[in-house]
Each structure stands twice: as C-alpha cells, then as structure tokens.
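Q: If you read the sequences in order, they're chains A and B. Here the first sequence stands for residues 1 to 331, numbered as in my numbering. Here the second sequence stands for residues 1 to 336, numbered as in my numbering.
Just so you know, these hints were derived from the structure itself, not from any lab. Remember, it's a predicted structure, so these values are computed and weren't measured experimentally. No residue lacks a Cβ here, since even glycine has one placed at the ideal position from N, Cα and C. Be a bit skeptical, because a hint or two may be false.
As the list claims (entries may be wrong) - Quick list of the computed label-pair ranges, beta carbon to beta carbon:
hint : chain 1 : residue 1 : chain 2 : residue 2 : range
1    : B       : Ala193    : A       : Phe108    : 50 to 60 Å
2    : A       : Phe108    : B       : Ile206    : 51 to 61 Å
3    : A       : Leu219    : B       : Leu181    : 28 to 38 Å
4    : B       : Val38     : A       : Leu196    : 47 to 57 Å
5    : B       : Lys135    : A       : Thr41     : 26 to 36 Å
6    : B       : Arg305    : A       : Ser301    : 57 to 67 Å
7    : B       : Leu133    : A       : Trp54     : 34 to 44 Å
8    : A       : Trp308    : B       : Arg332    : 45 to 55 Å
9    : B       : Ser14     : A       : Leu155    : 51 to 61 Å
10   : A       : Gly105    : B       : Gly321    : 35 to 45 Å
11   : A       : Leu196    : B       : Gly161    : 51 to 61 Å
12   : A       : Glu306    : B       : Gln166    : 29 to 39 Å
13   : A       : Phe57     : B       : Phe35     : 51 to 61 Å
To be verified - To list a few chain A residues with every Cβ distance to chain B over 12 Å, as calculated:
hint : residue
14   : Leu34
15   : Val39
16   : Val42
17   : Met114
18   : Arg169
19   : Leu184
20   : Ala191
21   : Gln226
22   : Ile311
As the list claims (entries may be wrong) - Below, a sample of chain B positions facing chain A; criterion: calculated Cβ distance under 10 Å:
hint : residue
23   : Ser51
24   : Val271
25   : Leu277
26   : Ile281
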Amino acid sequence: MTAATDTARDRPWLRRAAWRNVLRDYPLIPLTILLVLLVLTVELARPGTVSANWAAFTVRQAAVLAILAACQTLTMLTGGIDLSIGYIASMAGFVTATFVHQPGGWAFGVVVAMAASALAGLVSGIGIGIFRVHPLIMTLGMGLIVFGFSNVWQLQSVQTGAGVPAELRTLGTGLTADVIPNDLAVFVPVAVLLILLLRRTGYGRMLYAIGDNPVAARLSGVRSWQVLVVLYVLSALLAAIAGLLQSGLSNTASVTLVTPYLLPSVAAAVIGGTSILGGRGGYSGTIVGALILTVLAGFLSIILPEPWRQIVFGSIVVLVAAAYTRATAAS
Amino acid sequence: MSAMATSMDQSRSSPIDTVRTFGRNNAWTLGLLGFLAVLLAFTKVVNPNYSLGSLSSTATSVLPLAFAAVAQAIVVISGGIDLSISSQMALTSCVAATMMKDNPGDGMAVLIVIGVLGLGLLLGAVNGALVVLTKVPDIVVTLSTYFVWAGFALLVRPAPGGSAAQWLKDLVVGPAGIELLPKAAIVLVVIVAVVWIPLSRSRLGISLYAIGSNPLAAFRSGVPVNRTKFLSYVVTGLVAAFAGLSLTASTGIGSPVPEPTYVLISIGAVVLGGVSLAGGIGGVFGPLVAVVVLQLIRDDMTFMRVNPNYGLVAQGFILIGVLMAGSFIQMRRSRA
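For reference, chain B alone in the conformation it holds in the complex (with noise of 0.2 Å):
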C-alpha cells in the first residue's frame, strides 16, 4: 500500500526511479511472490502431475482462508486483532447455506449473498462497538465473542448441511476459459482490489494506518480515532463475510463449527505477509499470497507422502523461522 501513497508523490520522477521505489516499498511481498513461483516449481517436480488445472482446485481450497487473512490484515493494520473471523466465517455460511437450502430462485440467491454481507457488516459492527465503547483490550473482546458467533452458528444449522446456490458454487470452481487463470483467484482478486483499493486511498484507509501507528499522534492530528477503529472491525466483518459465503460456495453446505486453524493461520499470514502486529505497517497482498504459500507447503507434503500432520509443523515452522529471521535482521541493522 505504502507504495500507492507515494506513486503520487513519484508521477514527476522517471519511470526507472517509480520501478525502483516500489520494488523497495514491497520488497517483502515482491520475495514472497519470488518464493511462491520457487514454491510452485518444487510442486510440480514433486507431483508431475501437477497441471494448470491444478491450479483451479488449489485456488478454490485457500480461498476462505485468504479472504480471513485479508480481513485479519485490515484490523491489524488498524492497530487491533479479530480473535473471532472463524466463527464469523462458520455463522455467515450457515446462513448464507441455510437460507438456499430449498433452491430459492437465482434473483432470491443474489438478495440472500447481500444479506449475508449485511450481517457481516453488523458482526464486525458489533466487535468494533464492544471494543470502542468498553475499552476492553480487542484480544477478550474477540474472544468473547468468538464463543457468541460460534453459538448463533450452532442455532441456525445444528449440524453441517444446506446447500449453495448453483451459480455461486459455479462463481468459484474451475478456470475462467483459459486454464491458466482459476476463477476463485479472479473473484478474490476482484473482491480484494473493489473493498481494498478504493478503501486506502480513501481518508478512511489513511486513518486506518494513522491510528494502527500511534493512536495518540493520529487524535492528535484530528483523526476520530474510536471510529475509525470501529470501521475497521466494521470492513473486517464484511471481508470475514465473504469468507464464509465462499466456505459455502466451495463446499456446498454450512458447517456450525468454526476451524480452528483459521484464526491461526489468518495472524500467521498476516504477519508473513509483512504487516506488523504493532499495527500500521503492511498491506493485504501480502496476506494473500502468504496464504496461498502456507496451503501449497502443505498439499506439496500431502504429494509427497509425508505424514499431513507434518504439514502443520511446517507450516507452524515456517511461520516462526520467518518471524525469528526477519527480527534478526532488523536487529542487526538497528545496530550498524
């Protein structure tokens, strides 16, 4: 994102020194990029029979968990944390499954996805309002209401079933023409790119990073802090709620238990991703392509034979040598 701040400030210099400037400002995400395409190379040496198509099927498997580490971004940048996204996620499926459980019409289907998104607004109203208004740090608050989110889910669908919409299962299974292009990865690019873009150029998105930075230099500069805190947790309802629509879209049923890797796996991307727990650093592409690295370690060790648990080892290695490597680094830098 920082990079869009100053492509501003760039437009008078040369073309060279633009490339320049935003290579430096997304260094991170850029090595990440580099380490998936190693990454994916190494797939298909260890399952030659890995193809394009492939592609499509791992792309609809992470994309309920890029979306919950886009929505984790947006609140860590803002400086909080959303302990509850999964159950957020389990209660707008179950919904979303539920309400198209008789094959309602394709128009009904559309009013119901807008629906659900409303509830994701209000769910993240709710969080954000808890947190402003309680001064309750957000890690209880989350917490607190992981368990309500999780109980809601629990009355709508007691157990796992429904059904999705034939249109929106289409929306994300498959490739879009040609096989180089999944259409889960078009959909979440295009999702991302319409709440993203718009929302950090917007004097909202500023503010977000402004009070992730340092609260109290933004109230001092004039920014409503509590509500742009609330907002925060507000956009992030309505990432999660895209999150569970697709959980719903990609299994065809909504399931009341929310899983318990997501939680871990959207602050485990976020943090890979490059954006800080400290809060005001970072951006949501990052998130996302940390996701899809973490999900292609762990179908390559699934190619590879290797016991699937060893998976999440990996992943939980993966996830704390970046971190040690990386504050390493800035150690010995800070002390040059």
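Bound-form chain A, shown alone (with noise of 0.2 Å):
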C-alpha cells in the first residue's frame, strides 16, 4: 500500500483522480482515441476500406447527424431534451419538396419550411420557458403535432409532386474536388457559430449556468424564459437545416426521413461528453462523437446483418456512456 502511495507521490500523472481531470476536463483527447483506434478496426477488418472516398462519404453523413446532435447538445445543457427534431427536420425537407414546381420554387418553400420549424420550436420554448411543462413531454407532444401537421400536408401536395430540388442534392451529396463534402459549407459555419456561441457569449454561458443550477441562475438574474425559448426556436432551426441536408444526400423527402436519427443524435451528444442533467459539456465533444457512431454505424453494416447491427450498436452506446460515466464521475 505504501509503494503505491510513494508512486502517486512522486509522479502524480500516474493517480487516477488526475487522469479523471483530464477525461472529465479534456474529453476531445479519449475521444479522438477511441475514433482513431474504430477507424484502425475498421482498416485491419477490411482492409482497403478507409480511404480518401470512404473519409468523405463519413463526414458527409457525420456533418447531419452532427447538427441535430447540436439540437440535443444544446437543450441538454440546460438540463432539456429535444425530441422534437426528427419529425422537425423530416418536415423541414418535405415541405421544401413539395414547393419545387410550385410559384415561388424550393427557395420559397426552405423559407415556409424555416418558418413552420421555428414556429415548432417557438411553440415548445413557451411550453418549456414559460408553462414550466417537463422538456422531454413537451417536445414529444411537438413531435407528434409536426408529424400529423406533415401527414396532412403530404396527402394535399401528392398532386403537385415531390422532388429534392437539384441545388438541395448538390449540396447534400456533391463533393468538391472529389474529396471535401459540399455539406461542410453549411456545417462548418454553424459548428464555428455554435462553438464561439457556447464559449465566448453571455448566451453560452447562461446556458451552462441554467443547467448546472436553475436556481442560482434565477437568482443572478438570468431570465431563464427568454434564454429557453431563444434555445428551443434555434434548437428547431438546426433541425431543419439538418433535415434538408439529409434530403438533399439521401434525394428523398419523406415525413419519417430523420425520425431514425433521434436515437443516434442523442447518442452522439452523450459519447461527446455532455451531461444528460445538464451544466456540463461542450460542442466540440459532440462532433467527435457523431463520427464516432457515423463510423461504427457504417462498419457494423457492412458486416453485420440488420437485426444483429441494430443489437452491436445499441450495446457499444451503452458500454461506451457506461466506461465515460466511470471514467469521469466524481470523487
């Protein structure tokens, strides 16, 4: 026992508790690990795979489930949830499909789509800012009025036709100079807005204070409803902007086009290191974690068979929340 001590003594790096601070402190380095050693797996199992083509195609796929991890990043730092964005998004690239022969064309229709979206959101932060009602109820009964609204729609434009509107799938699928995906122009910009905003703004910072202590928010004199309902509207806008990125790579626009994403986005902001009950967590740590599982998700379906991919992924999210909660909870 006393050698162990001594050890911890002399070189401190080697205590637990210090490694703890660096995970809990520095979750971009573990995590840029686990996606370096997934992408060695991935080399060695088929070896071939990774290449400059496969690297592309990832992060174009990685960059949408990015932004909608962005959703539940920022709602989960205060302490919410946002449920709502898979419907959100699938609506936001549906209706935009359903303005491409129409007067006005798919610019007109991404601006009604914007505004139906931030109007969702807008519903959800007064529900959530000002009724108090719980953020995972809220979003959920949002959900469902944005998918019956996207139903109804659907069964009143089948005449007027649906296509993805050509600019759309340029942006989604297309890649300049053969590697670098067309979708990083849109996902790039926001995930530097995102960052600086969670980083260097009051906004950021009431965020992280609304979550970690609403009570001492309050009593600091952060108007938590004005911050909720700002956060839900834009936490809705990013949903769209992922909805039609999605459209646009998958050149499909469907009212569930996205709703198999929710898990995942969830998933994506909880392996990158933000904390599901709020105040702590970060942006960075979420895009990490979006590649992450846009890897796992591309490997397990080449060599796994539906029913047991959906088993593997399932259990290495929990295993991997499992080793982080281990990893960096307290004392």
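Combine both chains into one complex, guided by the hints.
A: Written out as structure tokens, the structure is:
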C-alpha cells in the first residue's frame, strides 16, 4: 500500500484522479483516441476500406448527424432534451420538396420550412420556458403535432409532385475535388458559430448556468424563460437545416426521413461528453461523437445483417456511455 | 394510490369524510373519468352507430397501449423512464407469435405465455441492472436497449407473421356476456389489479414512491434505493410483456417493428393520468383512463371524417394543453 502511495506522490500523472480530471476537462482526447482506434479496426477488418473517398462519405453523413446532435447538446446543457427534431427535420425536407414545382420554387419552400420549424420551436420554448412543462414531454407532444401536420400536408400535396431540388442534392451529396463534401459549407459555419456561442457569449454561459443550477441562475438575474424560448427556436432551426441536408444527401423527401436519427443524435451528444443532467459538455465533443457513431454504423452495416447491427449498436452506445460515466465520475 | 395509503388512517372517521378524502386524493383521475364520460357521449353523437358493442372493439384496440401506459407509469413513479417499452412489446409479441405458429395445444400455449412473461421480466431486469450498475442516465440506457430489443425482434421474426392461440384471441376480443363489459377491459383491470394492488400496498410499492420523490431521503430512511430501482424496471418489463402478448392476441400476429408512437403515447398518457415525470406522485389508474381518452379522441375524429392525421395533432395539442394548464394552475396557486 505504501509503495502505491509513494508512486502516486512522486509521479502525480499516475494517479487515477489526475486521469479522471483530464478525461473530464478534455473529453476530446479520449474521444479522438477512440475514433482513431475505430478507424484502425475498420481498416484491419476490411483492408482497403479506409480511403479518401470513404472519409468523404463518412464526414458527409456525420455532418448531418452532428447538426442534429447540436440540438441535443444545446438543450441538454440546460437539463432539457429535444425529441421533436426528427419530425421537424423530416418536415423541413419534405415541405421544401413540395415547393419545387410551385410558384416561388424551392427557395420559397425553404423559407416556409424554416418558418414552420421556428414556429414549432417557439411553441415548445413557450411551453418549457414559461409554463415549465418538462422538455421531454413538451417536445414529444410537439413531435406528434408536427408529424400529424406533415402527414396532412403530404396528402394535400400529392398531386403537385415532390422532388428534391437539384441545388439541395448538390449541397447534400456533392463532393468538391472528389474529397471535400459540399455539406461542410453548411456544417463548418454552423459548428464554428455554435462553439463560439457556447464558449464566448453571455448566452452560452447562461445555458450552462441554467443547466447547472436553475435557482442560482435565476437569482443571479438570468431570465430563464427568454433563454429557453430562444434555445428551442434555435434547436428547431438547426433541425430544419439538418433535414434539408439529409433530404439532399439521400435524394428523398419523406415525413419520416430523419426520425431514425433521433436516437443517434442523443447518443452522439452523450458520447461526446455532454451530461444529460445539464451544465456540463460542449459542442466539439459532440462532433467527434457523431463521427464515431457514423464510422461505427457504417462499419456494422458492412459486416453484420440488420438485426445484429441494431443489437451491437445499442450495446456499444451503453458500454461507451458507461465507461465514460465511470471515468468522469466525481470523487 | 394515495387514497389507498390514507384509507387506512381514515378507517375510524365517518364514511363521508372517507369519500371526501378519496375525492380529494383522486381529483385528477375522477376529473379524467368525467371527461371520458363526456367524450363517450360525444362519440355517440358524432357516430350514432356507436353501440355498446363498439365498446368492445375500442377496448381491444386500446389494450396494448393501456398496458404500455401502466408499465411506463410504474417506472416513472419511481423516478425513472423507459423509452424501450415499444421494442420490448415488439420482441415479446414476436416471440409469442412465433412459438404459437404451429398451433400447439392449449396447455403448451399457456406455457408459452408464461415463458413470454418471464422474458419480459428478463428484459426489465437487464434495463434495471444497466441503469443501476452503470449509473448512465435512464434515458440513454433505455434508448440504447430500444435498439437491442428491436434487433432481437427482427432476429426472431424478419417479417410480420406467426399466429396466436385461439383462447388467447378469445380472451381479448368481444364482450363478456353482456355487451357493456368488453372482455379486454376485464382482462386489463384484472391483470393490472393483480399486479398493482398488492405491489402498491407492499413494502416495495412504498419504496417505489419513496425513491421517486426523493432518493436521498429514501436512502437515509433505509430504503434500498438501487434494489428498488432495479425492481421497478423488472415490474415494468413484466407489464410490457403483457402489452406485447395483448398485441399478439388482438392482431393474431407478431410484428418486429416497434410502433413509434407507443412510447410517446405511453409517456403522454402517464403524464395526462396525473403521474409526475419528476417521480413519486400518481398511480396507474389515471394513466389507464388517459389512454382510453386519447384513443377515443382519435376514433371520434375518424368518425367525423376528419383527416385521421389531425388525430395525431389533436393528441399532441391535448397533451401539451393539459400540461400547460396544469402547471399554470399550480403557479397561480403557489403565488397566491
């Protein structure tokens, strides 16, 4: 026992607590290591898989997931969650597609889709911020409403014909110089803005404050309801952007297109080190989390049939989350 | 449930007081029942063909969702949440339908039903063990196991199919003797009563409420918090297995794809039924009534020839509206 303590005193970096602090304060380090290990595994299991082209495809898909996961990161920082983004994103892509042959064209469709998403986010924000409805149930209900309206819209616009606009296809699927996905043109500015928002602005600080201790935040003068209303509008707009990219990427427009990404979006934020309980986390970790999940899902789809893919995917998310919780636990 | 807890204290007071206390403690559920009565009358108005016999088909169609709501209520009362309920239902339903595919004898079918209930306990135990042992937030754990159970369901049944034993179908379809009593309603009430009433009166039941309302206080009063949390998921798994079995019984097949609205509506019904998402408050009978209310609203809109998708919109708005009104009243009260 004494030997162990001596070692710990002489070389502090050997202490477990020190490592824990590193993990907690710089989640990017272990996450990047995990990502690299995963890519190595892919290459070892299927030599020749990893190439510039593979990287471009992966990044292209991960960018969409990362924007969706941004919705979860921001809301989770305040102790909330946004379960309506799957339906909002799908709705945005679908509504845009229905306007292709309409007066005004797809650009007008994008405006309508954004306005509808913002409205949905506004109602969620009012419910959560002013009426103090639990975010889980509020966004769940809002998801049902958006899904219902999307279906109604779908029935009414069948005649007009739906097609993903060519501009969105170029943005979603295109590669510049064969390796740089065009959707990075949307993702990079969004990511930079979000990271700056969280790290450098008062609004970002308030998100952390509300999640960390709502009472203390209120007592120090934060008008929580205003912050939350803006937050859920922002989250809905981000979801709409992701929906537009995804419909361009898959060249389809359907009212359930993005719903399968709801659970991975939560998982990406959690794996990226954002606490679902609020007050801790950041967007850079989420981006790596989205990359990890995309590489993992792509790899599993090569080597496993669908049922096993789901089983392994779910198990790995739990295991990573558990390892992370253990590594960063206080004390 | 609070009525049950207090009814013992009230045994010496006058019957009127008892009734009054019961009313006060169950105001929310009674209000919902009143709303249900109004809704049934409204249903008769918009659809004159809606007869007592139609009650049976409403009850049969609502049965799986009702069990799902009860399952969700139990775990929410103890301060957790289970987002994997719909895929637990898909898995148990697929297993039941597949094993009954070749028309086994009635005795064998009973064994299969018991086995499926055991499977439900196992799924709940895995959820509970993961939540307790890994300390990962319940939302994340059950989101992940949602994938896992759905994957296993696909392994068991790559496509919808299988069949259900005849007695199982007979158990939930049609009225029992007189038309006013749908068999499905009896099955539901009996099973829920058999699971819930002994549970809520036992030490475990009280512990569920205790860890839901304040885990630290519960721990300091000697409640085994982790064990109770684990058991809450186990009981939820059992009730979810009943939901899966009733899915097989009412449709006659097993489908491997979890119905996406089940989780949403089970949570919605739980909240609408007076259970606090923060835990520790509510019972299972409120959510039961809430499920029927939500289903009837959709049915009514179909009768009124409204686009059925507006039914989804209406359910969402009712959910949100009731919650906003509820918290608004609470805010007014706490300010006064």
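Q: A separate judgement is required for each hint: does it hold in the structure or not?
A: Now the hints, each set against the structure:
1. B:Ala193 with A:Phe108: 50 to 60 Å: holds, 57 Å
2. A:Phe108 with B:Ile206: 51 to 61 Å: holds, 60 Å
3. A:Leu219 with B:Leu181: 28 to 38 Å: For Leu219 (chain A) and Leu181 (chain B) the Cβ distance comes to about 57 Å; the hint is violated.
4. B:Val38 with A:Leu196: 47 to 57 Å: Taking Cβ atoms as reference, Val38 (chain B) and Leu196 (chain A) lie about 53 Å apart, which means the hint holds.
5. B:Lys135 with A:Thr41: 26 to 36 Å: Given range 26 to 36 Å: holds, Cβ gap about 27 Å.
6. B:Arg305 with A:Ser301: 57 to 67 Å: Given a distance of about 43 Å, which is not inside 57 to 67 Å, the answer is violated.
7. B:Leu133 with A:Trp54: 34 to 44 Å: Given range 34 to 44 Å: holds, Cβ gap about 37 Å.
8. A:Trp308 with B:Arg332: 45 to 55 Å: About 54 Å separates the Cβ atoms of Trp308 (chain A) and Arg332 (chain B), which means 45 to 55 Å holds.
9. B:Ser14 with A:Leu155: 51 to 61 Å: holds, 59 Å
10. A:Gly105 with B:Gly321: 35 to 45 Å: holds, 37 Å
11. A:Leu196 with B:Gly161: 51 to 61 Å: holds, 54 Å
12. A:Glu306 with B:Gln166: 29 to 39 Å: Distance hint for Glu306 (chain A), Gln166 (chain B) holds at roughly 33 Å.
13. A:Phe57 with B:Phe35: 51 to 61 Å: Roughly 53 Å apart at Cβ, these two residues keep to the hinted range, so it holds.
14. Leu34: Answer for Leu34 (chain A): holds, closest chain B Cβ roughly 17 Å.
15. Val39: holds, 22 Å
16. Val42: holds, 20 Å
17. Met114: Correct as stated: the minimum Cβ-Cβ distance to chain B is 20 Å, above 12 Å.
18. Arg169: Nearest chain B Cβ is 27 Å from Arg169 (chain A), so the label holds.
19. Leu184: Check passes; 28 Å lies beyond 12 Å.
20. Ala191: Fine: 23 Å to the nearest Cβ keeps Ala191 (chain A) off the interface.
21. Gln226: Holds, since 17 Å exceeds 12 Å.
22. Ile311: violated, 4 Å
23. Ser51: violated, 29 Å
24. Val271: Status holds, d = 5 Å.
25. Leu277: At 5 Å from the nearest chain A Cβ, Leu277 (chain B) passes the 10 Å test, so the hint holds.
26. Ile281: Nearest chain A Cβ about 13 Å off; hint violated.
Hints 3, 6, 22, 23 and 26 from the earlier list are contradicted by this structure; the remaining hints agree with it.
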